[in-house]
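Letter by letter, the chains look like this.
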Amino acid sequence: MAEEYLLQMEKICKSYFGTKVLTDVNLALKPGEIHAVVGENGAGKSTLMNILFGMPVIQSTGGCEGEILIEGNPVEIVSPLQAMDLGIGMVHQEFMLLPNYTITENIKLNREILNDNIISRIFGNNLKTLNYRAMNADARKALDSLDIGIEEFTKVAGLPVGYMQFAEIAREIDKSNIRMLVFDEPTAVLTESEASNLLDAMRKIAGRGIAILFITHRLDEVMEIADNITVLRDGRLVATKRKEDTDIFELAELMVGRKVEKLFDRTSQVKDEDIALKIDGLKVSMPGEVVKGLDLEVYRGEIFGIGGLAGQGKIGVANGVMGLYPCEGSVLINGQKLVLNNPRESMNRELAFLSEDRRGVGLLLDSAIEINIVVTSMQNKGRFLKKFGPLTQIDSPVVREHSLQLIKELDIRCTGPTQLVKRLSGGNQQKVCIARALTLNPEILFISEPTRGIDIGAKRLVLETLIRLNEELGMTIIMTSSELAELRSICDRIAIVSGGKVAGILKPDAPDLDFGLLMAGQIDRKGA
Amino acid sequence: MQNLFKSFVQNFGIPRLIILGFFLLLCVMAIILDIDFSDLMSASLVRIGMNGILVLAILPSIVCGTGPNFGLSLGIICGLLGGLIAMELTLNGFTNFFAAIAFAIPFAVLVGYGYGLLLNKVKGSEMMFAIFVGWSIVSVMKIGWLLLPFNSPEMAWPIGRGVRVTIALLNREVSQLLNNFWAFNIGNVTIPTGLLLFFVLCCVLVWLFMRSKTGMAMYAAGDNPRFAEAAGIEVDKQRIIGTIVSTILGAIGILVYAQSFGFYQLYEGPFMMPFIAIAAILIGGASIKKASITNVIVGSFLFFGILVVSMPVANAFMADISSMAEITRQIIQNGIILYALMQAGKGDGA
Amino acid sequence: MDKTPKIDLDPGYDFKRKAKSFFTNNMVTIMFIVLSLLAFQVSGMNSHLYFSDIVSRMSRNSFTVLSLIIPVIAGMGLNFSIIVGAMAAQAIIIYVTHWGVPGFAGIMLCVVLVAPLSILLGYLTGNLFNRVKGQEMITGLIFGYFAMGVYTFIFLQLVGGILPMDNEVLVLSSGVGIRTTIDLTGGIRYGLDDLLRLPLPIMMIIAGAIGALYQLFVFLKSDRYKSERLNLVVWLLISILVVVLAVVLMNSSSPLRNISIPAATWMAIIALCFFLVFFTKTKLGQDMRSVGQDRHVAAVSGINVDRVRVIAIIMSTVLASWGHIIFLQNMGAWSTYGSHMQIGFYAIAAILIGGATVSKATIGQALLGVFLFHTLFIVAPAAGREIIGDAQAGEYFRVFVAYGVIGVTLAMHAWKTRLQSMQKIKDLKEKEDLAG
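Residue numbers (my numbering), protein chains in the order written: chain A, 1 to 528; chain B, 1 to 350; chain C, 1 to 436.
No wet-lab data here; the hints were simulated from the structure. Check each hint, because a few of them may be wrong.
[What the hints assert, rightly or not] Only pairs whose alpha carbons sit at most 25 Å apart, straight line, appear in this in silico DMTMM-like list of lysine to aspartate or glutamate:
#1 A:K387 / A:D357
#2 C:K416 / B:D36
#3 A:K386 / B:E234
#4 A:K386 / B:D39
#5 A:K381 / B:D236
#6 C:K133 / A:E151
#7 B:K123 / C:D390
#8 C:K283 / A:E151
#9 C:K283 / A:E350
#10 A:K501 / A:D280
#11 A:K422 / B:E229
Quick caveat: nothing in here was measured; it's all calculated off a predicted structure.
So here's chain A without its partners, still in its complex pose (with noise of 0.2 Å):
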């Protein structure tokens, strides 16, 4: 009796931390079947396809819940070597290939054909031959079955970017147990023309009887290739629905909508509409999230948001300002140019930033609290320094005082001024991030992603915190985050990066389909 299903996920869940990811998750997969995986970053989708393939993060942090089954017969995958065994195969999105070798022999990598000779039959089976010839020649079919008209004997390095991708997928298609495909996210770093070369070689993989899960926030290409489509959001499945049943506005809402609770009563700070920061043709070299020419007002005592999906270049927009990353273009702070490319001048002219990367550049973990407050000030604005002369020494009385002020404010959890940053929570670090912009007194404030790995509780304080610096100085704050929900409960606007430009700007209260819509990417059909 064949199984109808290839493939089936039946009411995943899983967690990090104590944070829910993945909620009573359903998914099913049919031989040759092209199912697309859509949603939001967050969404749970990455997740999903982790627990799919056994990728050790997964089992180190605690394994899943729920049960999948294989043709009808219920496995446990514990190791990627597993999933293969499976049939099951991945192109991930950072292309597990080695530069100096051939594609053959990437094709073949730890599964090549081997000879026996005179000293492996000896000293054993690692020492055997490689039988390049064998390698070569199914290397060549499988280049052939994708349409790829490239030798088989090139080395890897100096390919193009999609070839480089077709290597990856002929290593899969290879494997010859193989019977479904995950792609995540595989056209984010392809050419125009290198997608649609993609989506054909999909279509002739599926061909074959080869089931395909595609992951993927481009809805175009979902409409264009897909059989079924999964929505999920907020790690719960929303939707599965078929092509023919769908169009792109339905799956944008769907990947967007959420009941929006007024969580925070606040009024707007903006008084005559002046412009407190004009960024003209921004564009940012950050790896990831690349700017690509981006024009943004802000008004003063503004809370302005930033949104958009990963990789689309949101967070780029305050790394380049602050000087960060290499940018480009023009930056007016209050009608004055602002000097580009230099953390220094961006704070002289009273701008601060909490980045989100708040381990990585947000703190010195091994030092105390008060030495992370002030630290910033004293290099910039020579504060809380003792001068005798052209020499310096730090005012400690004064750096106490100012930290103990601040850790009463905040209200962070800790023993006291000189406890080490790095056993703080994730929200009490955040608010140690908060003490010293502050601490520089800043007019604009940037913050990037500030509720990211804090527990449900201590989200609302930070949040909280952005209003009240918002109220009682004025500040003007831009706020950059992959939450929508979250910027939309405090912002007065909110711009969508989508493509390294602003797609578009809305109020919070906008219909969730324009939200879904302008992540998409889909500038021209949200009919500005």
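Chain A is already provided as a structure; the job is to place chains B and C on it using the hints.
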């Protein structure tokens, strides 16, 4: 209580515990064997004082992020040059000592600056590079010692070119100068006051420096370069500053060492000296990435204390012990550096 | 749907660019060749003296230098811990000499006994390296010094006492500790060398013939990389050239034709070369190459990365210990507590001079490097005497060169790695500019 003990052991490190235990064992055995303890104490104090500044020199290089200064030989050579110039000018006593320092510092600043520039180009591989830069320069300086125009009879070979391998300081009234300055006795133990004071003075100066604006910038640059850049600190500049300070301390350190030892050791002399200083600071609790003045003092005390005490104790047990101190030093010194590398490895690595 | 268009990845032979990149990649080697030639001229050394000296140096050093190749392939950089293998060899030789087994029998006994010891030490070292991934080189260096302390302790303080050895020749007069120099004359000295000695031209003919035959064999069978064909032709020509030179030499009256070569030693070296070539074509060799390129990718594809790395170090340590036996049987007299240290650094300097880097090393580079390094070694003192008036200066200079070459290579490797990651960012920017 058990958890506290466990975490103490983990933080302190098993090798350090072994070394501490070994030291205590040696002391106990010394007492049992009726070895003159006051003699040992005096000798230990001298060793600690004369090596201390060299150990201190490792501190700024770790703090600014370039890792332990395996290229300390560069600073040492600068110091030796200063000392030789002072001798060539036939200076005596304290004049000689301070003049040597005065001559050495400009060299050290220049060399430290150049070396710092190089280190900035090899971020991530500083330690290996430093070892071989150090060794190459020591080797090339051997040719230098042959060619440099020093003619003072105490220094130059009577026949042939170049300066001697070891140059005695006796005639210049420099030998034991600091050691004897204000020295006094407690019972049978002689305290080399001048020496220890000078060491403490240097530690205080370094401590004040670390608390200055530049010092704190340097600390941030070494602790988290990305944080520092975001905070407007020029990380590359801070690394060069740290390297220059380290080189200067190396130059001063070797002059203090030489006046106590009584000789300038040229040619092969500086070859392994960085390793000794680095091992000492690591024993004192420092790691490849973090160091404090406490580490310097504790480390000097433990490391050089062991070296002093192990000799007579070994004498009682083994026939030919002339090399026992040397062997002990090799094993402990390289063992602790190995341990520190393994600890650093835990954090990184793919 | 049309076939995806063929990409022309070979845009014509750009001579100028190739020449430029050849020079930059091989700068160290080229500079060294120039330096050696100059030094040779200046020193005014007798060529017969030079040739017999270089022959014996190459005979006794090549094996050890070749042992450095495998760890480089496995991505572990320059194996500074071959010193450990050398010390193992010394330990065994001390005992074999004590037991009085001379000549070739003694050599074979050393080879057999040192293997399990080196395997054990290599296993330890390999596991140590796995704990410090990314810092293998400095760890190997420090571990070498650490092992030296232990070795000195054993042979200076324990042997003769706790580890009994009743031998007036080897042991110090106090009864404990091995003497600081050991003379192998009458023992295993020339044990391998003397097995078969042939005059230089004959040896050249044999080597050339083996080389040519091998190239032809590979040429007919090769299907790994089409680009390897050029390499093959070059080596074939070199082999033929060697044979021709040999014939010319035989018919000349140059004193060179009487230089005798320890053929058995060279057979061992050539056998190792063949083994290395064979090894890179095996499954294990391929796994090492994979691990050497990218540990993460290798791990995800199911290769046991840690195990492969340990095997690489074990192999290197064993080969290094055999290489050291070859070295010592030729040297005859050696310093018990000092010879091993320099061997390590000189071997590494040699392979680097031959053009190897932290991430790539070939047999050709190893042999060329030994030749160049030791040429400088031979002529430096004489050159120093001519230029500066002191032979010592020449000796200092050659040590400086050894350390300097290693330092420069490390710097270039560090610099290149950073350049690569910065280039990646630049490429990304360009790509985005084009696409956007």
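Hint by hint, here is what the structure shows:
Proposed proximity of A:K387 and A:D357 is contradicted: the alpha carbons are some 34 Å apart, above 25 Å. Taking the CA atoms of C:K416 and B:D36, the gap is near 58 Å; set against the 25 Å cutoff, the hint is violated. Pair hint A:K386 plus B:E234 holds up; C-alpha atoms about 22 Å apart against a cutoff of 25 Å. Our distance criterion of 25 Å between C-alpha atoms is broken by A:K386 and B:D39, whose separation comes to about 46 Å.
Between A:K381 and B:D236, the direct Cα distance comes to roughly 21 Å. Compliance with the 25 Å bound is thereby established for this hinted pair. A threshold of 25 Å between alpha carbons decides the hint, and for C:K133 with A:E151 the separation of about 35 Å lies outside it, so the pair is violated. Note on B:K123 and C:D390: the hinted pairing is violated, with a Cα-Cα distance of about 39 Å set against a maximum of 25 Å. In summary, the hint linking C:K283 to A:E151 is supported, as the alpha carbons are separated by about 23 Å, within the 25 Å threshold.
Among the hinted pairs, C:K283 with A:E350 is inconsistent with the structure: their alpha-carbon atoms are about 61 Å apart, more than 25 Å. Straight-line distance between C-alpha atoms of A:K501 and A:D280 comes to about 11 Å, which keeps the hinted pair within the 25 Å bound. Taking the CA atoms of A:K422 and B:E229, the gap is near 20 Å; set against the 25 Å cutoff, the hint holds.
Going down the numbered hints, you'll see the structure goes against 1, 2, 4, 6, 7 and 9, while the others check out.
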